[in-house]
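Going down the list, the sequences are from chains P and G. So in this note's numbering, the last one in the first sequence is 305, and the numbering has no gaps at all. So in this note's numbering, the last one in the second sequence is 276, and the numbering has no gaps at all.
Hints were generated in silico from the structure; no laboratory data involved. Keep in mind that a hint or two might mislead.
To be verified - With a Cα cut of at most 25 Å, we get these calculated PhoX-like pairs of lysine-lysine:
#1 P/K155 <-> G/K52
#2 P/K162 <-> G/K142
#3 P/K112 <-> P/K210
#4 P/K194 <-> G/K142
#5 G/K142 <-> P/K141
#6 P/K141 <-> P/K220
#7 P/K155 <-> P/K141
#8 P/K194 <-> P/K24
#9 P/K24 <-> P/K210
#10 P/K263 <-> P/K239
#11 P/K220 <-> G/K153
#12 P/K155 <-> G/K16
#13 P/K162 <-> G/K153
#14 G/K142 <-> P/K139
#15 P/K155 <-> G/K3
#16 P/K162 <-> G/K91
Unchecked claim - Computed spacing ranges between beta-carbons, pair by pair:
#17 G/D76 <-> P/D178: 24 to 34 Å
#18 P/G145 <-> G/D125: 18 to 28 Å
#19 G/T162 <-> P/R19: 34 to 44 Å
#20 G/T162 <-> P/T282: 28 to 38 Å
#21 P/V78 <-> G/K153: 56 to 66 Å
#22 G/D49 <-> P/P217: 33 to 43 Å
#23 G/S19 <-> P/K162: 53 to 63 Å
Glycine included, every Cβ here is placed at the ideal spot set by N, Cα and C.
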Amino acid sequence: MSVSTHFGFLDEYAKKEIRRTALKAVAIPGYQVPYSSREMPMGRGFGTGGLQLTLSLLGKGETLKVIDQGSDDSVNAVNLRSFIEMTCPGVDTTTRTDEADVIQSRHRIPEKDLREDQLLVLQVPYPDPLIIVEASENKRKVLHGEADYSRLLVKLYEDIVKFDEITISHRYPTRINDHYVIDPSPIPRWDVPKLHQSPALVLLGAGREKKIYAVPPYTKAEPLAFEDVPFRVEDFTGKNGKRRSCQRCGCTTSFLDEFSESKYGKKIYQCSDTDWCNEQMTKVSVLSDMENISGNIEAVEVISG
Amino acid sequence: MDKVLEVRNLSKIYGKGCSSCFELTGSEFNTNICPQCGSIIAAHDVSFDLYKGEILGIMGESGSGKSTAVKCLYFDQAPSSGNAIFFDEGKKYDLFELNAAQQRGLANQRFGMVYQNPHLGLNFDISAGGNIAERLLMSEVKNYSDIRSRARKLLMRTEVQTERMDELPKNFSGGMQQRVQIAKALATNPSLLFLDEVTTGLDLSVQAAILDLILEIQQQQKTSMIVVTHDLGVIRLLAGRTLVMKYGRVIESGLTDQILEDPQQAYTQRLVASAL
Numbered sequence: 001m002s003v004s005t006h007f008g009f010l011d012e013y014a015k016k017e018i019r020r021t022a023l024k025a026v027a028i029p030g031y032q033v034p035y036s037s038r039e040m041p042m043g044r045g046f047g048t049g050g051l052q053l054t055l056s057l058l059g060k061g062e063t064l065k066v067i068d069q070g071s072d073d074s075v076n077a078v079n080l081r082s083f084i085e086m087t088c089p090g091v092d093t094t095t096r097t098d099e100a101d102v103i104q105s106r107h108r109i110p111e112k113d114l115r116e117d118q119l120l121v122l123q124v125p126y127p128d129p130l131i132i133v134e135a136s137e138n139k140r141k142v143l144h145g146e147a148d149y150s151r152l153l154v155k156l157y158e159d160i161v162k163f164d165e166i167t168i169s170h171r172y173p174t175r176i177n178d179h180y181v182i183d184p185s186p187i188p189r190w191d192v193p194k195l196h197q198s199p200a201l202v203l204l205g206a207g208r209e210k211k212i213y214a215v216p217p218y219t220k221a222e223p224l225a226f227e228d229v230p231f232r233v234e235d236f237t238g239k240n241g242k243r244r245s246c247q248r249c250g251c252t253t254s255f256l257d258e259f260s261e262s263k264y265g266k267k268i269y270q271c272s273d274t275d276w277c278n279e280q281m282t283k284v285s286v287l288s289d290m291e292n293i294s295g296n297i298e299a300v301e302v303i304s305g
Numbered sequence: 001m002d003k004v005l006e007v008r009n010l011s012k013i014y015g016k017g018c019s020s021c022f023e024l025t026g027s028e029f030n031t032n033i034c035p036q037c038g039s040i041i042a043a044h045d046v047s048f049d050l051y052k053g054e055i056l057g058i059m060g061e062s063g064s065g066k067s068t069a070v071k072c073l074y075f076d077q078a079p080s081s082g083n084a085i086f087f088d089e090g091k092k093y094d095l096f097e098l099n100a101a102q103q104r105g106l107a108n109q110r111f112g113m114v115y116q117n118p119h120l121g122l123n124f125d126i127s128a129g130g131n132i133a134e135r136l137l138m139s140e141v142k143n144y145s146d147i148r149s150r151a152r153k154l155l156m157r158t159e160v161q162t163e164r165m166d167e168l169p170k171n172f173s174g175g176m177q178q179r180v181q182i183a184k185a186l187a188t189n190p191s192l193l194f195l196d197e198v199t200t201g202l203d204l205s206v207q208a209a210i211l212d213l214i215l216e217i218q219q220q221q222k223t224s225m226i227v228v229t230h231d232l233g234v235i236r237l238l239a240g241r242t243l244v245m246k247y248g249r250v251i252e253s254g255l256t257d258q259i260l261e262d263p264q265q266a267y268t269q270r271l272v273a274s275a276l
């Protein structure tokens, strides 16, 4: 299939604008910088914001990983990856987190710690956390400018009154560098602490809402909470009091997805990050191989001894 | 006595305004609409002082500019001219020279406002306790249990059943909504409280209870208050000094008793005669 011969689909002017917007976003951590989001050959709301950032930042010889809710093989990830492969000749794609220079993600941050030389692009449907309490964008801008987030905190207060805990499951409002509060895209609470002092630059792009914002490397990112009701991540403790583990790789430290087993409808849990899960599997098999080998050696030694 | 507020030549014009606006309006002309340019002179040349622990009444018929004056002082509206100085804990604030963030901070920390319509002062989508929490959270109280206990105390103080603090204000009666509004206004221990027609529309026994509460607050906390009302009974009960406004002008001012017993202006005489 022949497509536009222009590297990265976007014209150079568009890419330049997006890079400048991203620079401004890095310079003012957490501030939503408006930009003229271009039409993309996909519906707005399908990751066009993240895609435009990725296309503007990728260069020949670099490696890209695209994930959707932790998986490299979800529809959104597969389509975005093949589009980028088509429009960016010379760019490699991978599913391995540690091989990627740029990681575009929808709704998850990889389990594996990111490095300084890596860049995470998150797709954002709703960039403004204040939208739930203030409908007017003009007023929201004033609230952001004055760092007045009392109405968001009132939402948290009401949550605790009603349910004894903060019930926000994803898009947890997070304060960046002690000023702007961002919507960190629909990542689960599990991923929010990874934004804090992250060695990798995190760029967030909202295509439909035409905003780009950033959590620069080694920047403070604090989820909103009360002093005596601290923020907490998802709890995977099972009924037996033990932490649930991935039924595939056995990992007990990762964010788990819940499935229903097809035969008996039993609940089963599996790593949400497929690359992480695969890596744990190889580690486990290498370990068991090693155990076998060392066991054999011992056996040999016993025999020879 | 310590001065809390000093207002000088406060004016508010709705419309373009022209050079003869002030000359052609007022009680001599029986209008507050400028015949030259059609602007409305909502308030003109309002000046007064307010002292610590004092209640100042502003009375007048509807449209006389009494609410406009108070709304300017609470930063709900920007005045066209004039200045106001607020004295607080040894500091002086020139109210209309502050930037928006400073104004918001001051209005939230040191002022309180109770509106006639609880819909203006309360957020009806969040619980009564949440409304009080909002004001506390704006002033950097970040501890959930502190906020709860403070909100509970305030509601107890204003005689709202504390078992109902997690209910939405829309489930409350008008009198209770007004009490929640007062509790919210008092949340940050303001030194200046604006009361805009707080008892209008409430039945008499509830009115009496709310007025009692206001007097109690004034006596216990030495809060200065500006009470805007068209109800002479409220003025007589609460205010030590009173301004009478008509067509945006202060036409008479002085001790409340003096104004009610011996009104000088024809308009005030008519007002007092009609009400008492």
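Now for the hints, and whether the structure bears them out:
For the hint pairing P/K155 with G/K52, the CA-to-CA distance comes to about 36 Å; that exceeds 25 Å, so the pair is violated. Between the alpha carbons of P/K162 and G/K142 the distance comes to roughly 18 Å, so the proposed pair stays at or under 25 Å and holds. Straight-line distance between C-alpha atoms of P/K112 and P/K210 comes to about 30 Å, which puts the hinted pair past the 25 Å bound. At most 25 Å may separate the alpha-carbon atoms for a hinted pair to count; P/K194 and G/K142 meet this at roughly 24 Å.
A hinted pair counts as satisfied when its Cα atoms are at most 25 Å apart, and G/K142 with P/K141 qualifies at roughly 23 Å. For the given pair, P/K141 sits about 22 Å from P/K220 by alpha-carbon distance, which is consistent with the 25 Å threshold. Distance hint between P/K155 and P/K141 is fulfilled; the C-alpha atoms sit about 19 Å from each other, no more than 25 Å. Straight-line distance between C-alpha atoms of P/K194 and P/K24 comes to about 22 Å, which keeps the hinted pair within the 25 Å bound.
Taking the CA atoms of P/K24 and P/K210, the gap is near 14 Å; set against the 25 Å cutoff, the hint holds. Restraint check: the Cα-Cα separation between P/K263 and P/K239 comes to about 22 Å, which is no more than 25 Å; the hinted pair holds. In summary, the hint linking P/K220 to G/K153 is not supported, as the alpha carbons are separated by about 36 Å, beyond the 25 Å threshold. The suggested pairing of P/K155 with G/K16 is violated, with an alpha-carbon distance near 41 Å, which exceeds 25 Å.
Under the criterion of a C-alpha separation no larger than 25 Å, the hint pairing P/K162 with G/K153 is consistent with the structure, at around 20 Å. Distance hint between G/K142 and P/K139 is fulfilled; the C-alpha atoms sit about 23 Å from each other, no more than 25 Å. With a C-alpha separation of about 39 Å, the suggested pair P/K155 and G/K3 falls outside the 25 Å cut-off, and the hint is violated. Restraint check: the Cα-Cα separation between P/K162 and G/K91 comes to about 41 Å, which exceeds 25 Å; the hinted pair is violated.
The beta-carbon spacing between G/D76 and P/D178, approximately 30 Å, falls within the hinted interval of 24 to 34 Å. Taken as a hint, the range 18 to 28 Å holds for the pair P/G145 and G/D125, whose Cβ atoms sit roughly 24 Å apart. A beta carbon spacing of about 56 Å between G/T162 and P/R19 contradicts the range 34 to 44 Å that was offered as a hint. Between G/T162 and P/T282, the C-beta spacing of about 60 Å breaks the proposed range 28 to 38 Å.
The hinted range of 56 to 66 Å is satisfied by P/V78 and G/K153, whose Cβ atoms lie roughly 58 Å apart. Separated by about 56 Å at the C-beta atoms, G/D49 and P/P217 break the suggested range of 33 to 43 Å. The beta-carbon spacing between G/S19 and P/K162, approximately 59 Å, falls within the hinted interval of 53 to 63 Å.
In terms of the numbered hints stated before, the structure departs from hints 1, 3, 11, 12, 15, 16, 19, 20, 22, listed from lowest to highest.
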